[in-house]
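Visitor: Residues per chain are reported as follows:
There are 2 protein chains.
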Amino acid sequence: MLREITEQPAVVGRLLDAAREVVAVAGALRRRDPAAVIFTARGSSDNAAVYGKYLIEATLGIPCGLAAPSVVTLYERPPRLRGGVVVALSQSGESPDVVEYVRAARRQGALTVGVTNAPASALAGATHHTLLLHAGPEHSVAATKTYVAQLTVLAMLVSAWAREVALERGLMGLPALLEQALALEPVARETAPRYRHMEECLVTARGYNYATALEAALKLKETCYVAAEALSAADLLHGPIAVVEHGFPVLLFALRGRALSFMQQVAARLAGLGAELITITDDEPLPGAAVTLRLPQASSGSAFPEALTPVPAIVPAQLLAYHLSVVRGVNPDVPRGLRKVTRTR
Amino acid sequence: MLREITEQPAVVGRLLDAAREVVAVAGALRRRDPAAVIFTARGSSDNAAVYGKYLIEATLGIPCGLAAPSVVTLYERPPRLRGGVVVALSQSGESPDVVEYVRAARRQGALTVGVTNAPASALAGATHHTLLLHAGPEHSVAATKTYVAQLTVLAMLVSAWAREVALERGLMGLPALLEQALALEPVARETAPRYRHMEECLVTARGYNYATALEAALKLKETCYVAAEALSAADLLHGPIAVVEHGFPVLLFALRGRALSFMQQVAARLAGLGAELITITDDEPLPGAAVTLRLPQASSGSAFPEALTPVPAIVPAQLLAYHLSVVRGVNPDVPRGLRKVTRTR
Chain A
1 MLREITEQPA
11 VVGRLLDAAR
21 EVVAVAGALR
31 RRDPAAVIFT
41 ARGSSDNAAV
51 YGKYLIEATL
61 GIPCGLAAPS
71 VVTLYERPPR
81 LRGGVVVALS
91 QSGESPDVVE
101 YVRAARRQGA
111 LTVGVTNAPA
121 SALAGATHHT
131 LLLHAGPEHS
141 VAATKTYVAQ
151 LTVLAMLVSA
161 WAREVALERG
171 LMGLPALLEQ
181 ALALEPVARE
191 TAPRYRHMEE
201 CLVTARGYNY
211 ATALEAALKL
221 KETCYVAAEA
231 LSAADLLHGP
241 IAVVEHGFPV
251 LLFALRGRAL
261 SFMQQVAARL
271 AGLGAELITI
281 TDDEPLPGAA
291 VTLRLPQASS
301 GSAFPEALTP
311 VPAIVPAQLL
321 AYHLSVVRGV
331 NPDVPRGLRK
341 VTRTR
Chain B
1 MLREITEQPA
11 VVGRLLDAAR
21 EVVAVAGALR
31 RRDPAAVIFT
41 ARGSSDNAAV
51 YGKYLIEATL
61 GIPCGLAAPS
71 VVTLYERPPR
81 LRGGVVVALS
91 QSGESPDVVE
101 YVRAARRQGA
111 LTVGVTNAPA
121 SALAGATHHT
131 LLLHAGPEHS
141 VAATKTYVAQ
151 LTVLAMLVSA
161 WAREVALERG
171 LMGLPALLEQ
181 ALALEPVARE
191 TAPRYRHMEE
201 CLVTARGYNY
211 ATALEAALKL
221 KETCYVAAEA
231 LSAADLLHGP
241 IAVVEHGFPV
251 LLFALRGRAL
261 SFMQQVAARL
271 AGLGAELITI
281 TDDEPLPGAA
291 VTLRLPQASS
301 GSAFPEALTP
311 VPAIVPAQLL
321 AYHLSVVRGV
331 NPDVPRGLRK
341 VTRTR
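Chains as they are written, first to last, in our numbering: chain A, 1 to 345; chain B, 1 to 345.
One or more of the hints may lead you astray.
[What the hints assert, rightly or not] On the chain A side, residues computed to face chain B include the following (Cβ under 10 Å): (1) Arg42; (2) Val71; (3) Val72; (4) Glu100; (5) Ala122; (6) Ala126; (7) Arg206; (8) Leu218; (9) Val226; (10) Ala233; (11) Ile241; (12) Val330; (13) Arg336.
If you are wondering where the hints come from, they were derived from the structure by calculation, not from laboratory data.
Please read these numbers as outputs of a predicted model, since none were measured by experiment.
Don't be surprised by glycine CBs; every beta carbon is placed ideally from N, CA and C.
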């Protein structure tokens, strides 16, 4: 797992070099000009889909949905997609319900795009277009480099589709930012023992980084067996904040951009409740934080798009999950009860 | 909270009597024949929206999305809805981000429907159509009868929109089923002390009752301060099942219908891991369950639509949350850190 985490700058660099296939798919999407985009995915890929939803809605204004594959596989009712687009995310390309959803959508006339690390997979065979992750084999059951590659491909796709120069420029800075994020490894290693006996925690963020919170919580569950729940910071205030008592651990993402001031307010409120705040930020450390994992700011400064912050922001959380699993005596590469390809229908 | 739980059969009865306004809105939706339906909601209402999504997708085949209100309020990018429909759910009708999303959607040409308990609310003023919950004042911060009323209104709406006779017939049976579900109160009261010291749990279901799992987990968080996370049973197998060790509590819904056999398999797998299984079912008790809250079957037998099972299925979970909060010394009507109307933007 640790080796795969450290490969991430190289993976993203390779992806950026393979921009030509992304540009071709973006052209097809632009010509289709869909009324809606539906994502279908499971597990980590579902978290990447949440990122894709925010990205497309906020950049292109096209409403997006996350498919409930059960509607097709359990209830056998394929959605009428009438000229829509379906984006299917599966690292292995073998998740049966995702593949089945894509086939049903294609029969309904949807334009289908698969994002996968496996060129010979069932998913790659089922979609009109395939975008490869170029991440190399991922051996750890806990996905890390394929998740970061999924975010990057989605950002490349939307950047080309919307012809967003700021996104494109930001993308070029990602390998260096990822490299700098990896420099937080010693901090993650020193932090881990403090949470050796943590049984539960909340993970929170808002906007683009809601996906980061979901993915960080999943890594903590998979590799550390911590009951970590991710909540958008807005939803947190609508009820779940009741669980936060003195010493309750909350992992909070506060990245620069439009969500920052809201996250600072939520952090202050959590600190007031006595929460044990673990923060990941590329801004000033938050008052009341027990732990700060501080990401570098992009050298381009304020011009770095908030839309790309989820790519480096997940790295300290991956490092923390890795080191926490080690101090807890868990093998992070082979969590109990999991296999690399989960077959649900 | 307990009084409001027991009012639910009467609330649903009143709603069924007010079918005329639902039929009128259903006619407007049928004429619009939208390419997509977007739900916008927060808190418990968001869980009702998940139910609405499954219901519309599986009954009408129209793809649905849950709006990320942040896209409008943080990133100021209203989705281009081109003839779509937006359904906004807010019990108080005063959630600022929900109201703002509706206003933005209406400016984009969407047909907007508000579902609220407050006829004079900002939401009722902002939408083209309003469907009232007729639930009477809800004093407990933890929503119960308004949640059940939201599900019922959504089912009435889709039943009228799709002209689904089976749904309509099933709806008529709901007040009696809810009355029978309330008879589980003594079981919930006797069960509660066993979980007095529970700090965390998973809540799982699939298909229509995924919404039930989300709502049950929210009630446990709000009223008992238990870190309860809801997961679709399919997603559970894609990673989070790693947290389940011997004695780990899992609240599992296994209602009759297409999801049942999958839930039985998941229950067997969880029992094999030594999970402490609390089950809510209207079928045979599940082998390996530590606790069974058994709902009556509708007297119409196998004809009762699975799509309506989430209405009675939430009741035992509400009763369990109520009694658990009492044995834990919490006032379930006024959870710490919460107010009835949460104002997020």
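Visitor: It remains to establish, for every hint, whether it holds in the given structure.
Guide: Hint by hint, here is what the structure shows:
1. Interface hint at A/Arg42: satisfied, since its Cβ lies 5 Å from the closest Cβ of chain B, which is below the 10 Å cut-off.
2. Interface hint at A/Val71: satisfied, since its Cβ lies 4 Å from the closest Cβ of chain B, which is below the 10 Å cut-off.
3. For the restraint placing A/Val72 at the interface with chain B, the shortest Cβ-Cβ distance is roughly 9 Å, inside the 10 Å limit, so the hint holds.
4. Of the supplied interface hints, the one on A/Glu100 is violated, with its beta-carbon coming no nearer than about 12 Å to a beta-carbon of chain B, more than 10 Å.
5. With a least beta-carbon distance of about 17 Å to chain B, the hint placing A/Ala122 at the interface is violated under the 10 Å criterion.
6. For A/Ala126, the suggested interface contact is broken, since its CB lies about 19 Å from the closest CB of chain B, more than 10 Å.
7. For A/Arg206, the interface hint holds, since its Cβ comes within 10 Å of a Cβ in chain B; the closest pair sits about 6 Å apart.
8. This hint holds: A/Leu218 has a C-beta 6 Å from the nearest C-beta of chain B, less than the 10 Å allowed.
9. Look at A/Val226: its Cβ gets to within about 7 Å of chain B, closer than 10 Å, so that hint holds up.
10. Hint on A/Ala233 holds. Least Cβ distance to chain B is approximately 8 Å, under the 10 Å limit.
11. Interface restraint check for A/Ile241: the shortest CB-CB distance to chain B comes to about 5 Å, inside 10 Å, so the restraint holds.
12. Proximity of A/Val330 to chain B holds as hinted, the smallest CB-CB distance being about 9 Å (cut-off 10 Å).
13. At about 6 Å, the closest approach between the beta carbon of A/Arg336 and any beta carbon in chain B falls short of 10 Å, and the interface hint on this residue holds.
Checked against the numbered hints given earlier, the structure breaks hints 4, 5 and 6 and satisfies all the rest.
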